Structure formats: C-alpha cells, structure tokens
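A.B. asks: If you want the building blocks of each chain, they are given just below.
There are 2 protein chains.
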Amino acid sequence: MKNNRVAVIAAGGSGSRMGASLPKQYIKIGGEPIIIHTLRQFTACEFDRILVLTPIDYVKYTTELLKEYKISGATVISGGKTRNDTILKAIDFLREQGELDESTILLTHDSVRPFVTKRIIEENLEVCASLGPCTTAIPATDTIVMGGAQVEEIFDRSKMQQVQTPQTFKALRFEEIYNSLTQEQKELATDCTRLFTLAGEKVYTVLGDVANIKLTYQSDIAFAEGYVKWQRGKTESDK
Amino acid sequence: MKNNRVAVIAAGGSGSRMGASLPKQYIKIGGEPIIIHTLRQFTACEFDRILVLTPIDYVKYTTELLKEYKISGATVISGGKTRNDTILKAIDFLREQGELDESTILLTHDSVRPFVTKRIIEENLEVCASLGPCTTAIPATDTIVMGGAQVEEIFDRSKMQQVQTPQTFKALRFEEIYNSLTQEQKELATDCTRLFTLAGEKVYTVLGDVANIKLTYQSDIAFAEGYVKWQRGKTESDK
Numbered sequence: 083m084k085n086n087r088v089a090v091i092a093a094g095g096s097g098s099r100m101g102a103s104l105p106k107q108y109i110k111i112g113g114e115p116i117i118i119h120t121l122r123q124f125t126a127c128e129f130d131r132i133l134v135l136t137p138i139d140y141v142k143y144t145t146e147l148l149k150e151y152k153i154s155g156a157t158v159i160s161g162g163k164t165r166n167d168t169i170l171k172a173i174d175f176l177r178e179q180g181e182l183d184e185s186t187i188l189l190t191h192d193s194v195r196p197f198v199t200k201r202i203i204e205e206n207l208e209v210c211a212s213l214g215p216c217t218t219a220i221p222a223t224d225t226i227v228m229g230g231a232q233v234e235e236i237f238d239r240s241k242m243q244q245v246q247t248p249q250t251f252k253a254l255r256f257e258e259i260y261n262s263l264t265q266e267q268k269e270l271a272t273d274c275t276r277l278f279t280l281a282g283e284k285v286y287t288v289l290g291d292v293a294n295i296k297l298t299y300q301s302d303i304a305f306a307e308g309y310v311k312w313q314r315g316k317t318e319s320d321k
Numbered sequence: 083m084k085n086n087r088v089a090v091i092a093a094g095g096s097g098s099r100m101g102a103s104l105p106k107q108y109i110k111i112g113g114e115p116i117i118i119h120t121l122r123q124f125t126a127c128e129f130d131r132i133l134v135l136t137p138i139d140y141v142k143y144t145t146e147l148l149k150e151y152k153i154s155g156a157t158v159i160s161g162g163k164t165r166n167d168t169i170l171k172a173i174d175f176l177r178e179q180g181e182l183d184e185s186t187i188l189l190t191h192d193s194v195r196p197f198v199t200k201r202i203i204e205e206n207l208e209v210c211a212s213l214g215p216c217t218t219a220i221p222a223t224d225t226i227v228m229g230g231a232q233v234e235e236i237f238d239r240s241k242m243q244q245v246q247t248p249q250t251f252k253a254l255r256f257e258e259i260y261n262s263l264t265q266e267q268k269e270l271a272t273d274c275t276r277l278f279t280l281a282g283e284k285v286y287t288v289l290g291d292v293a294n295i296k297l298t299y300q301s302d303i304a305f306a307e308g309y310v311k312w313q314r315g316k317t318e319s320d321k
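Chains A and B supply the protein sequences, listed in that same order. With this note's numbering applied, the first sequence corresponds to residues 83 to 321, in that order. With this note's numbering applied, the second sequence corresponds to residues 83 to 321, in that order.
Here chain A stands alone, though its shape is the one from the complex:
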C-alpha cells in the first residue's frame, strides 16, 4: 500500500523575537515572503496533501498570498498554540476529510526554514516509510557545552548533532503517544523527536544542510538575503 504523504508546514510564529509587526514567515527575502520560498520546495515534491497552519488571524491573508505567488495545491488552516497542538489540528483536519489511515505519514516543517531541499524532504519520507520516525539533523558545527555562566560539561563534538526540520512520523502513532503522556510529559515533548523517544521508540536521523537554518533574528534575514542572491546567481550560471 502506498503511504499517504502529508506535509505539515507550521507557520504559527508571531515574530516577536524579530521585533517585526508582521509574523516573520511573511517577511520578504529576495522579493518573496519566506513562507513562499518554503512552499516552493514542497510543491516540487510528491505530497497527497500540503497543509499550512497559521495563526487564525492569518488564514485568509496566507491563502491570498499563495494565490498571489501562484502556489497551488496547499491548504491553509488555523494551527494551535504549541507545535504539538498544531500537529493535532492537522490530524483532525485529515480525519474530517477522510484522508487519515494507518499509512498516513506527516512530514512536519518550520515555515521559517526556507532553504530546506527536495533531497532532504524525500529522504525524510523514505526513512520514515522504511525505518520509522525521523528527524533532520546536521553534525554540530560548533563545540557544544552544557552550563550557564560556567561551563559544566564539554561534549565530544563528533557525536553531537543539531536538530533541524523536517521531522517525519506516522500520524496515528503520534496521536496515540501524545494522548498517553502525562501533562508534565506533554510540556517536555515540545519536539517530535523527544515525544517518540519518551515512548521508547527509535528516532532516525536524516542529514540536513548547514543552510537549512531557522530564520529567527533580524541578522538571519540579512544572511538569508545574501543566500537567496547567491542561489539565483548559481542557477543562472547553470543554465
């Protein structure tokens, strides 16, 4: 049986860390909103459904934006307060539409990681279908330490990885685990990786990309402008 593949683009950010009035997923880089860059990577892949989950006040705005930038095949609905609430909302929507079964794979992604690649998305889908829940990660680029004002522990960098998205898993298994957690565990399991680990399941890794950063700060937007320009120059010279 072919897996039912659903992309869940979490676009619930309010942009407060950027000091912007518009949520950061709508800030333009290279002339296009960040969320549009992100969605172009997904419409280039084979999904049965692409869901975009935004704050309720931005559902209409986002739908119009998709139309303006000619992104077809994505549905905008309202998300929840936390990442997990948003995933549960996506699952509820699929259930209502009669599109949810044991085979349904959710590939969840941050809307503000526009430099995800088709290769990363496809490897997530393959690893999830053949092995189990997976997360995108890259070998740590910096030395990682634990501590506050003082260093308490230094880790062997060769074993450390920085987690990115996508994170990919079976929808019904996610719901089952989530419902079995205590309130305290639910608050801890803010990351899908942690949620599956809490249930004792193995989580696999898919190699991400150093450029697949989460655009969080104003400086990230500046970095991203340079990257978009470089990518476009590269595409031109490949022609």
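Worth flagging that the hints you see were computed from the coordinates, not collected in a lab. Among the hints, a few may not be true.
Which copy is meant is left open, so a pair is good if it fits within one copy or across any two.
16 Å max Cα-Cα, derived EDC-like pairs, lysine to aspartate or glutamate [what the hints assert, rightly or not]: (1) K268 / E257; (2) K268 / E234; (3) K268 / E258; (4) K163 / D139; (5) K268 / D238; (6) K284 / E234; (7) K284 / E235; (8) K110 / D291; (9) K142 / E205; (10) K252 / E283; (11) K252 / E234; (12) K200 / D291; (13) K200 / D174; (14) K268 / D139; (15) K152 / D130; (16) K296 / E181.
Computed from a predicted model, the values in this text were never measured in an experiment.
Fit chain B to the known structure of chain A by using the hints.
C.D. replies: Leaving out everything else, chain B in the frame of chain A:
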C-alpha cells in the same frame, strides 16, 4: 598592575572545505577580505599587541594585505599545524620580544569569524582578568542530540550552549597546562575550553552573538554577503 593584552588571530585555515584555491580567510565579502573585516574589530579595541598567525606561505601576502587595507598595529607571523601549536607559537614570539609575563592575557579568535563585536571582545578581557579563563558561547539555537544514524540522547536545550570564539586565558597558564598533558590528552584538547577543563579549572562563558558564525562553507560566504550589506545599510541609516 595592568594586564598585558594580546589578541591572537588564528588564520591557519587552508580553505579545503570551501573548495576554494585561496584559504577562506582571504575570500572577499562586501569587497574586503574576511580577515580584514575581522581585524577591524580588533584594531577598534585596546590591545598591547595584535598577532595574526597564518600558514608560512601566507605571511608576506597577509602583511601586504594589511598594508593595502590600512590595518595598522597588527603583526603577522607563521602559525602551527594545530590551534594549540599556533597559540604556543604566539607565546614564543611574545617571550622573544620580552612581552610575556604573569599578567599576559591571550584573547584567541578565528580569523573567519568576522562578525565578532567590540562588546564581545571587551567582555572576554574583563571576565578573564576578573574571574579566569573564558569562552564565548550562545544558547543553543537548535535542539541538540547525541547520536549517529539514530538519536541516542536528547538534551535539555535550555542548558546547552554553542561555543564560539574569542576564548581568553592567561598565556603562561596555558603553556603550563599544555606541557603537563599526555600526548593523548593533547590530541583531545583541541579547544582551549577543554584544555583548561582537563586541568580542573573553571571556564566562564561570555555571551556571544548569533551572527558571530564561523565562515566554513560556500553557503556561509553567501550568508555573510547579505549580512555585510545589511550592516552597512544600518550604519548609513544611523547617521
């Protein structure tokens, strides 16, 4: 007694990870070599000596570059094979010049982290003088996990930090610890933080900056172009 403050700019990289023929510290961003951007941050601070340590074949080239970009007050000498060898070479040079004593503080920095700020440099010098050896670090921006193809352990992100440079310490104490290590320990202590920790010393942290990244990959250079452009625009609008 006033501490003797020495900046040690490690510029030994060969650039192989970038696939560039020129070592990456010499690649231009915003029209100027990366190492020049870096040095401008240091000449803006109060140092008794600024040492730039490059591969032996690049000493003359770098000296001429500094002249071309009107960077005065920095001395270029040849570095060693490893970061620690380079620091020892800097210490030997200071000893020869009669500039080394118990008060000498070395502030070591990667030449390919051009977005270090005056604030970060000055805090390093203050923390080292008042508390002890310190490293620049930022709260982890991504979830950190340990593992390879499978996730083995997930850490509490709020306690994790990503190490940057500068790293700052007393020169003679560094030498003393290094000489006391076994060959195996020397190979492990590639990071000054780890070296001091191995000797049982406390290492303090100074808050870095998300933009203080190490330019390692071609995509980092593209990011940096955007950042330089944004910084310049900001400076213009501040006038």
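A.B. asks: Next, verify each hint and record whether it holds.
C.D. replies: Against the structure, the hints come out as follows:
no.	hint	result
1	K268 / E257	within (12 Å within a copy, 49 Å between copies)
2	K268 / E234	neither (28 Å within a copy, 20 Å between copies)
3	K268 / E258	within (13 Å within a copy, 49 Å between copies)
4	K163 / D139	within (13 Å within a copy, 57 Å between copies)
5	K268 / D238	between (30 Å within a copy, 14 Å between copies)
6	K284 / E234	between (28 Å within a copy, 8 Å between copies)
7	K284 / E235	between (26 Å within a copy, 11 Å between copies)
8	K110 / D291	neither (22 Å within a copy, 23 Å between copies)
9	K142 / E205	neither (32 Å within a copy, 47 Å between copies)
10	K252 / E283	within (12 Å within a copy, 47 Å between copies)
11	K252 / E234	neither (37 Å within a copy, 20 Å between copies)
12	K200 / D291	within (11 Å within a copy, 31 Å between copies)
13	K200 / D174	neither (27 Å within a copy, 51 Å between copies)
14	K268 / D139	neither (26 Å within a copy, 57 Å between copies)
15	K152 / D130	neither (18 Å within a copy, 59 Å between copies)
16	K296 / E181	neither (30 Å within a copy, 45 Å between copies)
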